[in-house]
Amino acid sequence: MTSQRSPDAHSGDDVLIALRGVSKAYRRGKEVVPVLSDIGFDIRRGEFLALMGPSGSGKSTLLNLIAGIDNPDSGSIVVGGNDITRLPEASLADWRAANVGFIFQFYNLMPVLTALENVELPLTLTHLGRRERRDHALLALELVGLSDRIKHFPSELSGGQQQRVAIARAIVTDPTLLVADEPTGDLDRQSAEEVLTIMQRLNREMGTTIIMVTHDRRAAEHAKAIMHLEKGELAERVELRRE
Amino acid sequence: MPLLFTYSLRNLRVRKLTNALTAGGMALVVFVYAAVLMLDTGLEKTMASTGEENNVIFLRRSAEVEIQSVIDRRQASIIEGEPELMIGQEGIPLVSKEVVVMIALPGSDRSRTRSITTRGVGPRVLALRPQVKLTVGRMFVPGSSEIVIGGRFEGIEIGSQIRFAQREWQVVGRFDAGGSGFDSEIWGDSEQFMQAFRREVFSSVVVRLADPEAFSKLKARLESDPRLTIEAKRERRFYEEQSNTLSGLIKVLGITLSTLFSLAAVIGATITMYAAVAMRKREIGVLRALGFRQLSILAAFLAEAMFLGLAGWAAGLTLASFMMQVKITTLNWTSFSELAFPFVLTPRIVLQSLLFALGMGFLGGFLPAVQAARMKIVDALRAI
Amino acid sequence: MIQWFKLVARNAWRQRLRTWLTLAGLVVAILAFGVLQTIISAWYAGIDNAVPSRLVTRNAIAFTMPLPHSYDKSIRAIDGVRGVTYMNIFGGIYKENKNFFVQIAIDAGSHFDMYPEFVLSDETRRAFMSDRRGAIVGRKLANRFGFKPGDVIQLRGTIYPGDWEFVIEGIFDARDPKADTSQLFFHWDYLNETLRARSKAQADQVGFFVVDVADIDRVNEVSQTIDALFRNSTTNTLTETERAFQIGFMKQTESILVSIRIVSVVVIGIILAVMANTMAMTARERLGEYATLKALGFGPGYIARLILGESVMIALIGGTIAIALTPPVASRLVALTETPLPPLIVDTKIIALQLFASLAVGLLSTLVPMHRAANIRIVDGLRAVG
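Protein chains in written order, with my numbering: chain H, 26 to 268; chain D, 272 to 655; chain A, 288 to 673.
Because the hints were derived from the structure by calculation, they are not lab data. Computed from a predicted structure; not experimentally measured. C-beta: ideal position from N, C-alpha, C; glycine also. Take the hints with a grain of salt, since some may be wrong.
[Claimed, not checked] Derived contacts from chain H toward chain D, CB cut-off under 7 Å, selection only:
1. L112
2. A115
3. F127
4. P147
[Stated by the list, open to error] Simulated coverage check for chain D against chain A, where a stretch passes if three residues somewhere in it have a Cβ under 8 Å from a Cβ of chain A:
5. 273-283
6. 316-328
7. 446-460
8. 485-497
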C-alpha cells in the first residue's frame, strides 16, 4: 500500500477532476494483469492535459475511467463534485451525455448518418427541440469549418474532415470535459495540425477542459501540460509555457 | 422520426441482400398466416350468410345435417300452424318444407364427380330468404320439372337440361345468394323432388318468425310436444355449426403451421441481427460513450429487427391479397356437400398479421439486441 | 480432399452460434416439410390400399342415399362375382360431438372374407358372431378411448334416430400399417331389426355393396352388368372400382390437399432464404481469406468448393436430424390432435424428398456468395475487413 497523495495546494473551486487511489487490473485467462495502480491527481478546470506513455502504460484506461466508460477496481473519481464510480449505469450514461465529449482515433462517426445528423445525435439526449438541435449542430460544424459539408456522409469526407465532424459532435452539447484518444493517430501531418489547432482554440476561447491521450510528442506539445505514465503509475508532469 | 430510429432504418439499407432475404423469409410466413386467416374468414362469412337470423329450421332430433333428417307431413303441418310464424302477403305463413338430397354431377374433368346439394323448396322460399335474389330468368313453376341454380354454376346455361333422379330438369333461372352456401345449390319444387327421389318425407322445415324473440318459447313448446320428434335451431346458428369441422381443421392446421414456420423466420432474423450487432460493435460503443443508455441501444436494435418484420409483413400481405382472386372448392365433411368459399381480407387480418410480423421481428431481434446493450463500452470501442 | 474437408468442417464451426441457429431452422423446416408430405400421403392411403378386384356399388343419385337390401341376392347371382358384402355408415356420436369416429354396420358373415386386411383372433370372431349387440373396435380406436372387451358403450344416432348400445367383444388389427384401425364394426342385422321397430322407412336398406370379382380381367364387365341389372328398377346403381370410388371422394377435398402441398413448398422457401442469408454473410466476412487463398495460387473453383462444401454439409446435417425426427413427431401429432386421421407412415419416398429438399437448399443458397467470392479481385479482397 502506497500512501495516498495529498491534494494539490491550489485545489479549491477550480479543481474539476480528483482521482484518489484508482487501481485497475485486467484478467487475461487466469493471469491478473495490473494496468493502473493507486493513481491519484487533480485536473483543474480549463486544463489541456496530454497523457503520454508507452503502449501498455495504462494511459487509455485512465482516460476511459475519467470519461466514465470504464470502472476502476478501487478508488474514487470525483468529477465536478460527483463520484462517478458510484453512479449506476443509467445515471452514468446521463452524466456522460451532459458532461463529456469524446474524440476517437478512428473518428467513429455513424456511417449511415450525414455529418449534420452525426453532430445532432448527442443532442437527442437533451431536452432541446428539433429546431434548436439543428441550430446547435450547424454552429458546431461552423466552428470546425465544415459548414459546406453538412449533407455529406462520412464515407464522402476525408480523414481530417471526419475528425472535425467528430470534434463538432463532441462539443455540440457544450461538455465540461473533452476526452480525446489519439485524435491525430490516423491523420496526416496537416490534418493533424488543423485538428489540434481547433482543440487549442476550444480550450483557450471557451475554457473547455481537455484530456488527450497521444504517443506523438508534437501533438502533445499543443497541450498546456504533459503527464507521463509508466507501467500504470504516474511518472512525471511537465507544464508547458504557452502564450 | 427520432434520429436513433433513422439510424436503425438506414442500417437496413447497408446490407441489402441479407436484409432482403431475412424479410423475404418473414414475408412467406406472413403469407401463410394471412392466407389461413383469410380462408377461415371466408368460410365463416359464407356459412353465416347462408342462415337468416329470423329463420328457424326444424330437423329430426339428433340429426346434425339436413340429409340425415326426416320430418313427415303430419309433423310438418303441425309446425306450419304455429302462431309465432310471420304471415306473408297472401295471408299464408312463411314456411318452406324442404327436401335436401345430394346428387353426383360429372365435374369438369371426367374422373371427378361433384356432390351437389339439391333442395326442394316451398313456393314462398324467396320471401323466407331475402338474401336470395333471382338474377337471370325466372323462378320455377310449382308442379313442373323446372329448377333454378345458384350463382356458382357458371358453366350451366339457362334453358339447358340437367339429368338427375331419372328425370330431365329444365333450368329456368339463376339466383344470387350473396356468396352464401345456397350459391352452390340447385333448387326446385319440393313436391316434385319428393316424387323424383321417391321420398315420403321432408328433410327440414324452415319458418320465418314474426318476432325473433319468440324463438325460445316456440322451441321449448315444440320440442316437448309428444307428437313431434324434432329439434329447432336458429337457421344462422345451424349453418355456422356445419362449418365447424372444416373451420377447426383450417385453424388448427394453419395456426400450427404458421407458428412452426415463424420459428424458422425468427431464427433467420436472429442470425441477421447477431451479424448486424457484431459488425457495428464499435458504433454501439460510441453511442454508449455519447451517453445513450443501454435501453436506447436495445430499442434501436429491436427497432431494426421490427422494421425487418414490417417489410416482411408488407410483402407477405401483398402476396396474400392476391389470394382474394381464388375460391376454394371442397367437400364439407359435416354435410358431405360441395362448398365453395373465397379468401376474405378484413382489417382485422391486416392488423393481426402486422402484429404477427412485428412479433417475429421482436423475437428475432431480442437476443442480439440484449447482447448489444450489455456489451462493455471499452471492449466495444476496441473492436475492429 | 481430406485437407479440404477439414477446412470446410472447421469453417462451419467458426461461427458456432450462427451454425447452430441455421441448423435449428433447417431442422424445423425440413421436419415441417416431411410431416406435411406425410399427411398428404396418408390422405391418399385409401387409394393406395384399394384392391383392384373390388367393386363398390352405390346409389346412382348420391353416395348418401341407400340401396335396397334385396339387391344383395341379385348381385351374388351375377357370373364372375366371388363375394358380396354390404354395409351402412352409422354416424353415431359417442358422448360428445368431438369424439368423432367412424362406425360401420357390417354383414359379419361376409365382411371378413372380403376384407382380409383386418386381422382378429378366432376367439374374438366367435364372440362377435354370437352376440347380436356385439361390436369390434380397431386397435387405434381402442387405445384412444380405452375400450376393453366387455365394455358397453352407447352411441347417439344422427342418421338413425335414438340411442344405441353395443358390447365391445374384441379388438382388431390391420395387416398393413397404413390401413385404418380407428373404426368400430357392428352387426347390420342388429341395426336393421332395431330400425324395423323404430323407423320403418329406414329399414331393409344398405349404404353400399362391396363386390369381389373372381377374375381381375372381368372387373369392367361385372361392374357394367350390375348397373344394367338395376337400370329399370326404382333405384339405379353406380358401380366402380374401389380405387375409382376413393379417388372420386378424394377429388372433392383436393383443394385442401393442394393448399397443404403449396404450404409445404413455402416452408422450403423460408429456410432457403434463411440459409442463403447465412452463407452470404459468412462468405462476405471471409472475403479477405478467400483473397488470401487466391493470392496463394488457389483457383476460383477451390474457393467455390469451400463455400459449397460448408453449405451442403450444414444442410445435410440439418436434413438428417429432421428426417430422424419426422416419424416420432408425426405419430405424436396424430395422438395430440385426436382426429380420425389415418396413420401417418413416413415412407422412403418422403425421406428421399426431404433429403432432396435439404440438398437443394444447401446448393441454391450458395449461388450468390459463390459467385461473389470466386470473382473477387485479390486486391479488393485483401482490403476488405470484417
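Hints and how they fare:
1. Violation of the interface hint for L112 (chain H) is found here, the shortest Cβ-Cβ separation to chain D being roughly 12 Å, above the 7 Å cut-off.
2. About 5 Å separates the beta-carbon of A115 (chain H) from the nearest beta-carbon of chain D, less than 7 Å, and the hint is met.
3. Interface restraint check: F127 (chain H) against chain D, minimum CB-CB distance 5 Å, threshold 7 Å, status holds.
4. Of the supplied interface hints, the one on P147 (chain H) holds, with its beta-carbon coming within about 5 Å of a beta-carbon of chain D, less than 7 Å.
5. For the region 273-283 of chain D, the proposed coverage by chain A is not satisfied: 0 residues have a C-beta within less than 8 Å of a C-beta in that chain, short of the threshold of three.
6. Proximity of the region 316-328 of chain D to chain A, defined as three or more residues with a beta carbon under 8 Å from a beta carbon of that chain, is not established by the 0 residues found.
7. With a cut-off of 8 Å between beta carbons, the region 446-460 of chain D has 0 residues touching chain A; three or more are needed, and the interface restraint is violated.
8. Taking a C-beta to C-beta cut-off of 8 Å, the region 485-497 of chain D contributes 0 residues in contact with chain A, too few for the three needed, and the coverage statement is violated.
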